[in-house]
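Visitor: For reference, the chains in residue letters:
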Amino acid sequence: MTMTTKRATLLILAAIVIVSPFFFPSNYYYRVGSLIFVNALAVTGIVILTGYAGQVSLGHAGFAGIGGYACALAPVHLGLHPGLAALFGAALSGGVAWLVGRPILRLRGYYLAVASLGLGILVAMVLANEAWLTRGPDGIEVPDLGLNDALEAIGIDIRNTQFWYFFSGLVMVVGAWIALNLHDSPTGRALRALHGSEIAARVVGIDVARLKLRAFVISAVYASLAGSLLALQNKFITPDVAGFMHSIEMVTMAVLGGAGSVLGAFLGAAILTTLPQVLTVFQEYEQILLGLVMMLVMIFMREGLLPSLARRVRGREK
Amino acid sequence: MSALLEIRNLGISFGGLRAVHDVSFAANPGEIVSVIGPNGAGKTTLFNMISGVYRPGAGAVVLDGRDVTGMDPFLLARLGLSRTFQNLQIFQNMTVLENAVAGFHLRESGPLLADLLNLPSTRRRARAAEAGARALLERVGLANAAEREAGALSYGALKRLEIARALALEPRVLLLDEPAAGCNAVETEEIDHLIAEVAASGVAILLVEHDMKMVMRISNHIVVLDHGEKIAEGKPEAVSRDPKVIAAYLGPDAAALHEGEVAHA
Amino acid sequence: EIRIGATISETGPAAFLGDPEAKTLEMMVEKLNAAGGINGEQVELVLYDDGGDPNKARTFATRLVEDDEVVAIIGGTTTGATMSIIPVAEDAEVPFISLAGAIEIIDPVKDWVFKTPHTDRMACAKIFEDMKARGITRIGMISGTDGFGASMRKQCLEIAPEAGIEVIADESYGPTDADMTPQLTNIKNRAGVQAVLNAGFGQGPSVVTRNYQQLAVGLPLYQSHGVASKGFIDLAGSGAAEGVRLPGTALLVGDLLADDDPQKPVVAAYVAEYQAEYGEAPSTFGGYAHDAFAILTDAITRAGSADPEEIRDAIETTAGLAGTTGVVTMTPEDHLGFDLSAFRMLEIRDGGWTLVD
Amino acid sequence: MLEVEGLRSRYGRIEVLHGIDLSVASGEIVTVVGANGAGKTTLLRCLSGVQPVSGGSVTFRGENFVSVPAWKRLGHGLAQSPEGRQIFTNLTVEENLRLGAFLYADDRVEKDMGDAFAMFPILKEKRNLAAGGLSGGQQQMLAIARALMGRPACLLLDEPSMGLAPIIVAQIFDVVRGLRDLAITVLLVEQNAFGALRVADRGYVLETGRVTMSGAAEELIADPRIREAYLGI
Amino acid sequence: MSELMQFLMSGVTVGAVYALVALGFTIIYNASDVVNFAQGEFVMLGGMITTFAHLAGLPLPLAALIAIAATAAVGVALDKLAIEPARGAPVVSLIIITIGASIFIRGVAQLVFDKQLHRFPAFTGDAPIALLGATILPQSLWMLAGAIAVFIGLWAFFTRTLTGRAVLATSNNRLAAQLVGINVKWVMTLSFALSAAIGALAGVLATPVTNTSYDIGIALALKGFAAAMLGGMGNPKGALVGGILLGLIEALTAGYVSSVYKDAAAFVVILVVLFAMPQGLFGSKTTDRV
Ligand SMILES: Nc1ncnc2c1ncn2[C@@H]1O[C@H](COP(=O)(O)OP(=O)(O)OP(=O)(O)O)[C@@H](O)[C@H]1O
Ligand SMILES: Nc1ncnc2c1ncn2[C@@H]1O[C@H](COP(=O)(O)OP(=O)(O)OP(=O)(O)O)[C@@H](O)[C@H]1O
Ligand SMILES: [Mg+2]
Ligand SMILES: [Mg+2]
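Quick note, the sequences are listed as chains A, B, C, D and E, same order. For the first sequence, this note's numbering gives the first residue as 1, with consecutive numbering after it. For the second sequence, this note's numbering gives the first residue as 319, with consecutive numbering after it. For the third sequence, this note's numbering gives the first residue as 584, with consecutive numbering after it. For the fourth sequence, this note's numbering gives the first residue as 941, with consecutive numbering after it. For the fifth sequence, this note's numbering gives the first residue as 1174, with consecutive numbering after it.
With the rest of the complex left out, here is chain A:
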């Protein structure tokens, strides 16, 4: 990736965040937009782990769960401000990822997938079953972040959904910036190298175990922050965020968009987030169409939307 594609990616993302609202007929679109951004943030983490480093995780929703519940619980039990609670959640997710990552990252392919799946399910189970702490499967309220109140106090009057749109957008762009930095950095190159050939990576001096762990921790932090953002804007969270389906959804978004690309992550998130909203007009055909779209995209754009589109555009230029 060259400097220019990096800058272009950031510009496109920022432009989308800023310009789209001019076309929003109602507040509801802000809500969908902010969901896209939150999902894109989580998926960017998957891009780092899977797209760069080639490691599969089917359990990252577990980290989103940790991030989300941190925002619900830390303010109550530790007296943390909800914003700090999100950072606390991120640290906790990173810590958990660091602890479990070492043993499970020794596994490869589907074995890694099933181990991470187990990890995610364990987190979801604890959240659902330790009702004394988490209030169980029906979920728990999350305190208000209070940032838009603060903005209001300094004269910026902004609806709740709108605030969350811009705030999530900002966090997503920062997340994308970091992921793009990583891609071209020595660390990112080393991650992609171990994806290509682990043994060759070791021979050129890459500490594969440590690097995989780093990617795992970083992606866990992304997922955790996404979970926190979701919890804070919904002001409510249930163990579903940590569920298996959510993990699958993240991976699907990443692959659909083009697993190695940050802009692809956004595209994948945008499509899978808006699709169910668009498909409501088809009522009972919704699931059928959703499945169909997923299949068609992967059949006709096998490397994912973005890389395939890019290839086509380049082909036309020729």
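Watch out, some of these pointers could steer you wrong.
[Said to hold, decoys possible] For each label pair, taking beta carbons as the anchor points, the in silico distance ranges come out as:
1. ALA1250(E) - PHE22(A): 44 to 50 Å
2. ASP933(C) - THR1336(E): 29 to 35 Å
3. VAL1008(D) - MET1450(E): 42 to 48 Å
4. ALA1229(E) - ARG948(D): 57 to 63 Å
5. ALA1229(E) - VAL1008(D): 45 to 51 Å
6. SER26(A) - PRO1258(E): 58 to 64 Å
7. ALA14(A) - GLU892(C): 39 to 45 Å
8. LEU1284(E) - PRO103(A): 40 to 46 Å
9. GLY469(B) - MET1153(D): 37 to 43 Å
10. PRO1009(D) - LEU309(A): 26 to 32 Å
[Claimed, not checked] Straight line, CA to CA, 25 Å or less: simulated PhoX-like cross-link-like pairs of lysine-lysine:
11. LYS562(B) - LYS531(B)
12. LYS1358(E) - LYS1288(E)
13. LYS614(C) - LYS693(C)
14. LYS847(C) - LYS606(C)
15. LYS1458(E) - LYS606(C)
16. LYS614(C) - LYS1410(E)
17. LYS813(C) - LYS847(C)
18. LYS1358(E) - LYS1012(D)
19. LYS1358(E) - LYS1064(D)
20. LYS813(C) - LYS1288(E)
21. LYS1358(E) - LYS1253(E)
22. LYS1012(D) - LYS1253(E)
23. LYS1012(D) - LYS562(B)
24. LYS1012(D) - LYS1051(D)
Everything labelled a hint here was simulated from the structure, so no lab data went into it. Glycine residues also receive a C-beta, built at the ideal position from the N, C-alpha and C atoms.
Given chain A, work out where chains B, C, D and E with the ligands should sit, using these hints.
Guide: Relative to chain A, chains B, C, D and E with the ligands alone:
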């Protein structure tokens, strides 16, 4: 005075098979030591043990006086040991240039935070590595393929890419496993020169190669393996006349190696 | 035209509940419009399927108030979905009638939030009442780990002491489990257990009931209102289900009700219409949606306006409205509107429901 | 037997074969030499059908081959020992050989396998080992033996001597020579141009996707341009 | 003692279902390295089609046969319409296709059938069989027998037949497979047909015990996947042992430790096993040398 790289009684078994047994030899800076032997003699396995890909079942690898037996390859890389592979190990998902830059990993990598934030120090390191990598690609004749996807190179080109990547580490010990496989006589000669040049700069080179002309031409010392055991060792001249070696490996054509190209015509 | 919004779990793990709810709403709107609508205005139902995902439910709630500009929301099949819709409704000041069970939904009372189902706590109380009447004081519990089962389990454990019931075995199962014999074996082997209570809905209770028979436990078995549909008897097999007791609504036993029971005509009409429309009997859950829609149309009619605030005020003054679940009388302090007496204790006999009392 | 006219092939948008004309008569041994990246492997891949052809024709035994799927070509008598060996690493040596004769279920399979083992005794020794555990040279032997199991009328060999010990290389060339007696036609791609030209009847020189020279093998060996560019003499 | 026996019976019952699903994964995985996440939907189709055919008045055995044949046809369609057109796509893309297919099939099932839970009568009645103080349903024995039969069939297929070897060869090296004359498209079609049929058989055998509905597929696929990984992906022995083991772990945990965390216990065991044996219990190490 001890040698830079010392192999002491190295051995390993797979199931019942003694793939390598009680092999010892040494290599000094600037020296090219060739390991030859029939297919399945254990040459690659020996390399795999020396470079830490396999943990030896017996014996020791001593690098610069330090016992490095069974050490992980990435640690060995830090100590200056680098290699190429008989079965190509290319980073297929990256460009040719990036493959070469990856070889600079040890000198290129810095704090993670700097990488995440793209601090000037990161950019500086990356630039230096890229410049170095381009120079190396030039050296192996791949300069004009730098921006291509590595997966799109022909076999012979990939072999040379591996050499460039291994050289990027600026190793003190370099292990080359059949570097000239898939190259014709002329290309082989180019690789010859490259290897000789690298050796001349003070690198100890271990070479596995079936191209006997090349081996005879550039080796300082030859170790012959058969069925995992060392059956001969010495100067090229002596080894190639050893009846045991001729019987097991070189075959009757061996004479050609010395009698010039007459036999070829 | 009056727009009413709904977000229901038509698919997903709670589809078992949500499917009859959605069908009921669609049917009732059609009927209402055919009869001339409310105060001469047609009603449009905007219905979304949230798949039981609270996050989606919230998005759809936002869509309903912001984009579709509905005057009221019905929905939240599950407690989780309901709880994440509440902030939206409260924020946008739109009345919201939930179809979920948990008591937290209306306790403490929230300005804009109502609900139609019994609370789990009431179901527990009803069951415990019946147990006491049979001289049962020590029971074993087995519950699903889904929201429904976990919430009911919690409520039951909370009120058990004051009801004079001791829960001496406490087991659980996952929503898709296919065999509960280990749990039931443990309950069976626990000395002193006099009856077993299963809190759950969907797949689990039928398996529990069959396993119960397989193990020949032989103690009275109570199920929750979560299984109150004819389908349960078929799934469990009438042999295994024989003698099972559960608290149910008038809906299930319409023809057994006394002729002067105010719920009788309501239930009879609903069941007949539903049967005619969909070719199957409605479940208790469909009844929740029926009541929610009835309360809402009643309120709009009385308010004579489709202004959300006036509708809300009108809902709060609902009085003596006979629904399938109970006779509803709301107040500003009570957003549910009926008590324990609305539950009937049912027993399965000869493959059908009978009233215990 | 094999007739190639104006053959073109591309990887994505990049064309690497720009119209190759080549023919191999029945029972002939023909070799193709060329530098790294000249397109030798691509040519053979086109012939065996695993690489799409974007122009020109391939005729095998009088039949237009371009639209025949790869898996059917062995049935027509065309076998390939591919570059990079491409053995079934997870299957045993014996299973690899058996699959080489996938099309057949007669007694000759046993006999052919015996012949293969006789040709490369080391394979017999390792018959129950997963082929991925073989040394590089042993895998190369397996690839050649597997191709022979397919009872080809025409055999495409992509650098068969690669990674083999000198003594085996000599043997491989003997085998190729022996194929002539079995009436098997051979198209041989070799970096060991010298060895290849010595066993071949005719040869082609490939340079960046084009045939630049062709002729009888002895002539090519004697040609100073060839000697300088490919034989290093 | 009778308690333990009962737990074991329960474990075997549940484990047989997992094993059947896991066995279903084996063929497609062995042919293409793809874990087919629509495998659970095959099980669902087996159960649902049988249910509805039976309701329509067909005798149970005939209904079951129709269900198996129809599901196999769905498997073939999946291969022809979705997997084959995507030939050459990375394995992750293929996996996403199977996930899309599973959503699609579920959506269709919900339209064609309904959203209710269903069940049809057990093959040989519901009278529990008493065994060492415990009881087991006759249908559980059918399930176990089915799992073992499928296992034997698959084992023989992969080790005794050339076609089985060809399936393995196809995933190991698609290019080489073509070169030796294997019609890899046909191998894929065959694999999908067989996998789907095995899935449907699982649905037919299990429905009288587990019930069925349009949405049971995901949970089954998940458990079957875990079981297959525990045993070692691609190995029929691993699928059988992994499935039964998973069922036993769950039942024993539910019985002796805590029913809340029985699924957690299963995953903890999987994690522990994989730490010690990164290829699962019977997974073979792939030998790729450098
Ligand atoms: N992982 C393994 N499992 C089983 N046997 C193995 C394994 N690795 C190596 N061997 C055996 O060890 C012997 C030595 O193999 P090695 O690759 O070292 O030979 P080599 O000398 O490099 O041969 P070549 O010149 O053909 O590359 C061979 O017989 C091979 O089959
Ligand atoms: N998969 C691929 N994608 C794109 N280009 C490719 C691919 N494979 C080969 N090429 C290009 O096609 C050309 C011919 O390659 P080919 O492998 O046929 O050469 P070759 O003559 O066999 O070389 P070698 O002697 O090194 O094996 C080269 O320029 C190569 O870079
Ligand atoms: Mg070797
Ligand atoms: Mg080639």
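Visitor: It remains to establish, for every hint, whether it holds in the given structure.
Guide: Structure-based check of all given hints:
no.	hint	result
1	ALA1250(E) - PHE22(A): 44 to 50 Å	holds, 45 Å
2	ASP933(C) - THR1336(E): 29 to 35 Å	violated, 55 Å
3	VAL1008(D) - MET1450(E): 42 to 48 Å	holds, 45 Å
4	ALA1229(E) - ARG948(D): 57 to 63 Å	holds, 58 Å
5	ALA1229(E) - VAL1008(D): 45 to 51 Å	holds, 47 Å
6	SER26(A) - PRO1258(E): 58 to 64 Å	violated, 40 Å
7	ALA14(A) - GLU892(C): 39 to 45 Å	holds, 40 Å
8	LEU1284(E) - PRO103(A): 40 to 46 Å	holds, 45 Å
9	GLY469(B) - MET1153(D): 37 to 43 Å	violated, 30 Å
10	PRO1009(D) - LEU309(A): 26 to 32 Å	holds, 30 Å
11	LYS562(B) - LYS531(B)	holds, 19 Å
12	LYS1358(E) - LYS1288(E)	violated, 36 Å
13	LYS614(C) - LYS693(C)	violated, 31 Å
14	LYS847(C) - LYS606(C)	holds, 21 Å
15	LYS1458(E) - LYS606(C)	violated, 54 Å
16	LYS614(C) - LYS1410(E)	violated, 59 Å
17	LYS813(C) - LYS847(C)	holds, 19 Å
18	LYS1358(E) - LYS1012(D)	holds, 12 Å
19	LYS1358(E) - LYS1064(D)	violated, 32 Å
20	LYS813(C) - LYS1288(E)	holds, 15 Å
21	LYS1358(E) - LYS1253(E)	holds, 9 Å
22	LYS1012(D) - LYS1253(E)	holds, 20 Å
23	LYS1012(D) - LYS562(B)	violated, 47 Å
24	LYS1012(D) - LYS1051(D)	holds, 24 Å
The structure shown violates the earlier hints numbered 2, 6, 9, 12, 13, 15, 16, 19, 23.
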